[in-house]
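What follows is the residue order along each chain.
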Amino acid sequence: MDETDLIRASQEGDLDSFNELVRTYEKMAYNLAYRMLGSQQAAEDATQEAFLSAWKNVRRFRGGSFKAWVMQITANACRDELRRNKRHPVIPLESLPYDPPAMSESPEDYAVRMETGERVQRGLATLSRDQRMAVVLCDIQGLSYEEIARAMGCSLGTVKSRINRGRSQLRDYLVKTEHITGQ
Amino acid sequence: MRLFGWLRKDECSRTRALVSEYVDGRLRPEERDGVEQHLAACPGCRAELESLRATVALLRGLPQAVPARHFVVAPARPLPGRRSLPALRYATAAVVVLLVAAVAVDWAGAFERETEPTQFGTAMLGGAEGEYWTVGGVRNTVNSDEETRVVLVVPDGTDTASAAVESVSTNGMVYGSVEAPAAGLTQVVLKESGAEAVASGDVEEFAVVSVPSGSTMALAVNDGWFASAFDGVAEGGDGSRLSMVSSDYSALYSFDMADSERVTATAPRTASDGWLRPVEYALVGLVALLGAAATGVWLWRRKARLAEARVDRARQ
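Chains as they are written, first to last, in our numbering: chain A, 1 to 183; chain Y, 1 to 316.
A portion of the hints provided could be inaccurate.
Unchecked claim - Within a straight-line C-alpha distance of at most 20 Å, the following computed EDC-like cross-link-like pairs (lysine to aspartate or glutamate) qualify:
hint	chain 1	residue 1	chain 2	residue 2
1	A	Lys27	A	Glu3
2	A	Lys56	A	Glu118
3	A	Lys27	A	Glu12
4	A	Lys56	A	Asp14
5	A	Lys56	A	Asp109
6	A	Lys176	Y	Glu48
7	A	Lys56	A	Glu108
8	Y	Lys303	A	Asp14
9	A	Lys56	A	Asp16
10	A	Lys176	Y	Glu50
11	A	Lys56	Y	Glu308
As the list claims (entries may be wrong) - Stretch by stretch, here's where chain Y covers chain A in the computed footprint (C-beta under 8 Å, at least three residues):
hint	region
12	60-74
13	146-155
These are computed hints drawn from the structure, not numbers from a lab. Here the structure is a predicted model, which is why all the values come from computation and not from measurement. All C-beta atoms in this analysis are idealised placements derived from N, C-alpha and C, irrespective of residue type, glycine included.
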C-alpha cells in the first residue's frame, strides 16, 4: 500500500495502517520535538501526544503533504509542551542515542560530529521559539518552505524571514563560540 | 565616492536579506543574478554568504536522534478512574443550576419582605402668627389658623427619639428638637434645646408636614438628608400621600395623609435577603473547585495515557 492508501485506510478507522504511517514519520517528528524541547522525555511525550492527536484527527486531513500535516501537529504538541512546562531545558542534559556512524566515517569524525551537534543545539536554544522551529524544519528535517508554512500555520514570507533571522542568529552564535569563522 | 559608498551599503543590506534564500536556491533568476553580481564585487557579503553556508552545512550534518521507542497508537482501552468523570460532570452541572437559580431569585427579589410600619408620632404645632419654620431651607410661615404636623418615624423598638428642627421665629433663630417619648405615642412635643445638636442615628426619618397652607415639606434626617417638596399634596383629603426617600435612596417611605397611623415603610432589600449572597459566593467557589478537580483528572488521565503508550511499546 502506498501512502495515499494508508491515509485512506486510516481515515476509515484502520489503526494498523495508521501505525504504518507513524513508523514512517516518527523519527522526523521525534527529532523536531527533541530539537525544540531539548529533553528526551519531553520529546517522547510530545511525539506520543502528537500521534495520538493525529489518529484522532486523521479524518480531517484533506490531502496535500501528509508530512507537513504530521509536522504541524507535532509543532503544536511542542508548543503545548513548552507552555505546560516552562522549565524545560532546551539545552540537552543527557546524551541521546544518535544514528550510528556512517560506514565511511572514522570514530574521530563521528565524535567531532557529536560534539558539533551539542554546540549547534546550544546555539538553537538561543533562538526564539518560532525561529528555532523554522530553522529545524528547514535545515535539519529538510522540509520545503511551503511545507514549513503549512506546518507552522503562517505565510511563506514569514517562513522566509524566520529562517533568515534564525540562521543569522545561529551563525552569530557559532562565530562567537569560534565554531565557524566569521567575516 | 561617498555616494558610491552609500549605494554599496544599500546593496549590501539588500543582498544580506536575500542571501538565506540564495543558499536554498529559491531566488528568481533576476534576483539571483543581482545577488551574484554584488557578491563578486563585495568581499564582506561573500564572507557573510560563506559563514551562512557553513552554518547550514552544520545543521544539515547534524546526526538524527534515534527515539528509544516507537510511537504507534494502541487501540483505545478504558482507563481506570474513567468512571469518576461523569460524577464530576453531573455535580458541576447541578451546582451550576443551583447557582443560576440563586442568582435569578436574588435578581427577582423573591425573598424581599415589606417591613412592618415603624413607630411614629404626630405633633400638632401651633405658633404665633408671623412665626415660621424653616425645614430644608424652605420657610413655612405659621399662620394663626394653621397647624403644623410633625411626623416622626423611628426604628422599630425605639422608645424615644429626637431630631433637630431648625426653627426660626420672629424673634430670631431657635434650634429645637422633636421628641417621641414612648412607643405608640400619638403626640410629640417640639422642645427648644438651644444650639444642642442631636446625635445622628437617633432618628431614622423625620418629616415635617405643614397643613393646610397647601405647601408640603418632607425632610429625611439621617446621616445625610434628602428633602423634597410636594406642593398641594397635603390638602388633607383621603388618599393623599406623602412620599419620602431615604438619604441613600435605598428606601421609599410612604405616608397616608388622611390617616397618619398607617405609615408604611419599605425596607432596603439588602437587609432582608442578605443571606442569599453568601450562598451565591459559596456556589461560585464550588464551581471553581469542581473545575479545578476536572482539570486535575484530565491531566492525570493524560499522564496515564502516555505511560500506557510507553508500556505498550515496551511490550512490542
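Hints, verified against the model:
Simply put, Lys27 of chain A and Glu3 of chain A have alpha-carbon atoms about 17 Å apart, close enough for the 20 Å limit, and the pair holds. A hinted pair counts as satisfied when its Cα atoms are at most 20 Å apart, and Lys56 of chain A with Glu118 of chain A does not qualify at roughly 35 Å. Distance restraint check for Lys27 of chain A and Glu12 of chain A: the Cα-Cα separation of roughly 25 Å exceeds the 20 Å cut-off, and the hinted pair is therefore not satisfied. For the hint pairing Lys56 of chain A with Asp14 of chain A, the CA-to-CA distance comes to about 12 Å; that is within 20 Å, so the pair holds.
In summary, the hint linking Lys56 of chain A to Asp109 of chain A is not supported, as the alpha carbons are separated by about 43 Å, beyond the 20 Å threshold. A threshold of 20 Å between alpha carbons decides the hint, and for Lys176 of chain A with Glu48 of chain Y the separation of about 14 Å falls inside it, so the pair holds. Among the hinted pairs, Lys56 of chain A with Glu108 of chain A is inconsistent with the structure: their alpha-carbon atoms are about 45 Å apart, more than 20 Å. Of the pairs offered as hints, the one joining Lys303 of chain Y and Asp14 of chain A is violated, with about 25 Å between alpha carbons and a cut-off of 20 Å exceeded.
With a CA separation close to 14 Å, the supplied pair Lys56 of chain A and Asp16 of chain A stays within the 20 Å bound. Between the alpha carbons of Lys176 of chain A and Glu50 of chain Y the distance comes to roughly 16 Å, so the proposed pair stays at or under 20 Å and holds. Restraint check: the Cα-Cα separation between Lys56 of chain A and Glu308 of chain Y comes to about 17 Å, which is no more than 20 Å; the hinted pair holds. For the region 60-74 of chain A, the stated coverage by chain Y is violated: 0 residues have a C-beta nearer than 8 Å to a C-beta of that chain, whereas at least 3 were required.
Figure legend: the region 146-155 of chain A, annotated as covered by chain Y; annotation inconsistent (0 residues with Cβ-Cβ distances under 8 Å, at least 3 required).
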